[in-house]
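First to last, the sequence lines map onto chains A and B. Once you know that position 111 of the first sequence is 111 in this note's numbering, the rest is easy, because the numbers rise by one and skip nothing. Once you know that position 124 of the second sequence is 1124 in this note's numbering, the rest is easy, because the numbers rise by one and skip nothing.
Taking beta-carbon pairs under 8 Å as the criterion, some of the chain A residues facing chain B (in silico): (1) Ala188; (2) Val189; (3) Glu191; (4) Ala192; (5) Phe194; (6) Ser195; (7) Leu196; (8) Gly197; (9) Ala198; (10) Pro199; (11) Thr202; (12) Val207; (13) Pro210; (14) Leu211.
To be clear, the hints were calculated from the coordinates, so they are not data collected in a lab. Predicted, not measured: the structure shown is a model, and the values here were computed from it. Just so you know, even glycine gets a beta-carbon here, dropped at the ideal spot from N, CA and C.
Chain by chain, the residues:
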Amino acid sequence: MSTASERPRGRLLTASALIGPATIFVAASLLAPLAILFRYSLNGFEKTTKTMTEAVTAANYVQFFTDPYYTAALATTVEIALLSTATCLVLGFPLAYVVARTQSRFKHLLIIGIVLPLFVGNAVRAAGWMVVFGNKGFVNTGLEWLGLIAKPLEIMFTEKAVIIGIVAVNLPFMVLSLQSVIESIDRAVEEAAFSLGAPPLTMFRRVLWPLALPGILSGTILTFILAMNAYATPYLLGGPLFKMMAPLVYNQFTQQSNWPFGGAIAFILMAVTLSLTVVANLLIQRRAVR
Amino acid sequence: MARLDIESLSKRYGDFHAVREVSLQVADGEFLVLLGPSGCGKTTTLRMVAGFIEPTAGRVKLGGREVTLLPPWKRNAGMVFQSYALFPHLTVAQNVAFGLEMRKVPRAEIGKRVEEALALVRLGGLGGRLPRQLSGGQQQRVALARALAIRPDVLLLDEPLSNLDAKLRQEVRVEIRELQQKLGLTAVMVTHDQEEALTMADRLVVMSDGAVRQVGTQRDLYERPANRFVADFVGRSTFFEGEVEAPGRFRTDGGLALACVGGTPGRGALALRPERVGIAAAPQSGLDNSLPGTVEFISYLGALIDIHVRLSPADRLIVHVANRDGAFVPEVGQPVHVGWPAAAAQVFNE
Chain A
1 MSTASERPRG RLLTASALIG PATIFVAASL LAPLAILFRY SLNGFEKTTK
51 TMTEAVTAAN YVQFFTDPYY TAALATTVEI ALLSTATCLV LGFPLAYVVA
101 RTQSRFKHLL IIGIVLPLFV GNAVRAAGWM VVFGNKGFVN TGLEWLGLIA
151 KPLEIMFTEK AVIIGIVAVN LPFMVLSLQS VIESIDRAVE EAAFSLGAPP
201 LTMFRRVLWP LALPGILSGT ILTFILAMNA YATPYLLGGP LFKMMAPLVY
251 NQFTQQSNWP FGGAIAFILM AVTLSLTVVA NLLIQRRAVR
Chain B
1001 MARLDIESLS KRYGDFHAVR EVSLQVADGE FLVLLGPSGC GKTTTLRMVA
1051 GFIEPTAGRV KLGGREVTLL PPWKRNAGMV FQSYALFPHL TVAQNVAFGL
1101 EMRKVPRAEI GKRVEEALAL VRLGGLGGRL PRQLSGGQQQ RVALARALAI
1151 RPDVLLLDEP LSNLDAKLRQ EVRVEIRELQ QKLGLTAVMV THDQEEALTM
1201 ADRLVVMSDG AVRQVGTQRD LYERPANRFV ADFVGRSTFF EGEVEAPGRF
1251 RTDGGLALAC VGGTPGRGAL ALRPERVGIA AAPQSGLDNS LPGTVEFISY
1301 LGALIDIHVR LSPADRLIVH VANRDGAFVP EVGQPVHVGW PAAAAQVFNE
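Chain B with its partners taken away, still in its complex shape (with noise of 0.2 Å):
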């Protein structure tokens, strides 16, 4: 396993930039997930790591030797596809020699590694099989166990979970995740399931329109969103639009008035976590903002119950309320009163 440093990678394709100035460090066995909308760049970055596409500015050096143009045949990095692109002529074993074979490993040698990297996805056994003989969650650890295989300097993994179902995907974003902290391998993920991406990932950069919009731990990224992109991708936000009247005071379109932390004057919006916010029958004291509101809508998620707090004609509210004993779940055109401290919004300027 190596470092991999991006250095200002540039993708364009006439007028349209796939991925601007992307600059990434991945540490030896760091785990970095790149998350993002569809047509955000993350594939087109992590396919110019791989060396599928050749940039048009920028550097790629992985384990401190520059691959930029080096054809993928030559730069030992382990790619996991979206559809496991498995050969479907040859048997699982054989898939999994594939890359030793290119690597002129001695065939004892082989055969010992092969069933190695069997066994580390707990496929022992199964060798002889040919690809479509297995299940959907069988095939992606066969082509797991081929990346592997190589013992390559970092692991890239485009979308590997996509083609799953949800109970199957939860299980193997774990199982990947375990062997990737067992074996101490630099991995970089590509996804759109933000879930995915906060259970597997040590750090995440969020990218959107080619560029990247934040780097940063599940923390950073939730707490500590750098812009109102993030803010709204990662977990769920309410944004009221308005104005900045002065730092720690924000009006909302609708007419409210709201404090805040810091934010300079002028056009801006308003972001609040739902799980962030009190709701009560009652007006409730010692916070910063306290406002009566009426319900809209409730929906029952199971662990959280998600209800929506109409407060001015313009701005709607979304509060999330834990499922618990004694827990205060209003119903729908029930008054209602919510409060948050200052602290807990965060001012995005336009």
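With the rest of the complex left out, here is chain A (with noise of 0.2 Å):
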């Protein structure tokens, strides 16, 4: 009898000691950190000096939406983070949908290929795509040699370019939420719409699409968070004019050494990530229900 009392304790010991330093670590490593930005962003700066001043203010809040230039590089961000996401489910789908369906004995491979590019790191990919997309780059001496344009394509320095550079990085963690659930989806129930009279169209949007919600999900808030916080494709490839959140949080630590400005931009980056995250989910979620 004693027995059966101790044992939940003694399982609830393991339990602890099992996720203990996971969670001391997360908490050690993000946590406490935030909680100290956090306390930053509310402090006061004293430009001369580039000095922290010891202060409970709202101002660096304030100044970030009443200047123009910063609430510019947020919607340039937000918009940046929304066309690559789109980008990425568009073409993530069919080729999750390949490789999630495929008999082929080859499957491991396309799956190495698709997480192949996560190899080689943002900066160095980002480096490649210059030489590419650059006036004297790969496809514009291509195009021309073809005969196919007069003058150089402006692609590098433009949102074009940051946008193919964000989805490149954040393809494959698209492919690989998606290609995870349609393959939990039986292959019965796609056939089973067809034979009722489905055509493949409104068999994907009444069956798979439905079905693969989880994994949409899952897909675009991963993606979308990454775009939101690009900061080495962003940096290189849309030059230094244009503006997205995550250069401007590490130009006002390095650069300006003002640590209680960028707090706030990172917070408020940090804000406008999860609100738009947690807006989409209820609005799909519902929707999904209906």
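Starting from the two chains in their separate frames, assemble the complex, guided by the hints.
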């Protein structure tokens, strides 16, 4: 009888021993710095001496939202994140479907092929894109040689280049999220829809899309968050005049040494990312329930 | 409902012949069952009729209309899948309504026809449930209602009972058969379970290695198997390997001389159904074949008792005795006599 009552406590101890280290690590490495950063974002900053002054003020947040320079950067960031996420979804779904449904024995090679881009760091990859997109780059010289264009296309240092760059980084995450969910959908369910008279597009809209929704949600959330926080890609492919939030934060911390304002921007970025994600989630889930 | 004609249908994957020149006619209102071991091509044949697999050669006609190259959504064939394949995100009623919506049936009529279909499978009142809230047997009936609601030209059933437990399977197969007869449905079912096939079919098609081995009624297949494969696959048989010495005379490899009917001289096998063999303690008179042997193995199957009798070092015979009062049931090791008329056995030349 005594062992029966002791066993749950023993299990509880084992469980906490197993999840404890990770929890403590996350708390120490994520929550604590965040708390400190948030406290900093309420401090003041002396521009002439470049020093932080102790205060509790919302001035940094007010400055951000009243200066069109910064609000434009936020708008650009959201726009780029939305566009690149949508592109990832449109490009990723067919790819994920093929990988999920293939019976080929080279399936694992396909998956490795999709993950392969992640083996190259963002900065290295962006540098590669610079070579490809530049005025004397691979794309322009190729098109010129073919006689399709008279003067080089402006790709480098435009929104296009940044979106292409971010999509290239994020696509594997989207594909893997979708693939695992599509794999769990019984192939016969699609065939049932066909046999009941649904052409492929209707089948997709009525059956595949709603059943893949969990994967679509996790994939879009993941790629959206990554895109919102992209640093190397916009910095290298967007050029010095292209403003997104993550490079802005970096700039405030390193170039200006303005930790309070940098902290404020970081928190605004986080809050916007989070609330957009939650809102999108709620919208999609409500539609799914209906 | 309509008749279904399959003409020289073939499917090749590279060098592998999944289906070879299968030709079948299914009459309006007929229940045809494709029976065979796994990998025999029965499912591929069914899927070509449904439109999920494009044939390499041959034609499929549904109600006289050629549908060979039509996609499944233009065929009007109702399919019941082994996994049921219900739409997990839709309610039972929405599942059944799906095909009607695709056919642009007016809203009001959809409601009526969904109710009809659910009532047909005795699931009235469960329309609001989600598939995962139903038992396996109920899910199976939803799948059936969904396929029937579209009033298909042909009902296709792909191992529809294999996910049910044994008891339920017996009930559902009677239920499906009664429904099929009541509605006059043209139906094609695929199964590897011969008892299921025998209970449900008007006619059966035995397949192996992608080809049709025999088409016929239960009685045809059981009593007049066209070849050794069918004799072996449908029901049980003892096969004596040996040689036809002359028409009517068969010598087993174990040296037994047996009387049979017909046969061309040469290597062959003699097949004998276990229930056609008499077994007794003493020699039996008036039978063409009467042989002594020793009981080696007995298993009690309830309605039947399965007795294995050693006739020679190379020959062992299976005898089924009905479990009745006064039935002769020997013991293992007991010497016995077995006998059967020549016409009870069938000879297959190699």
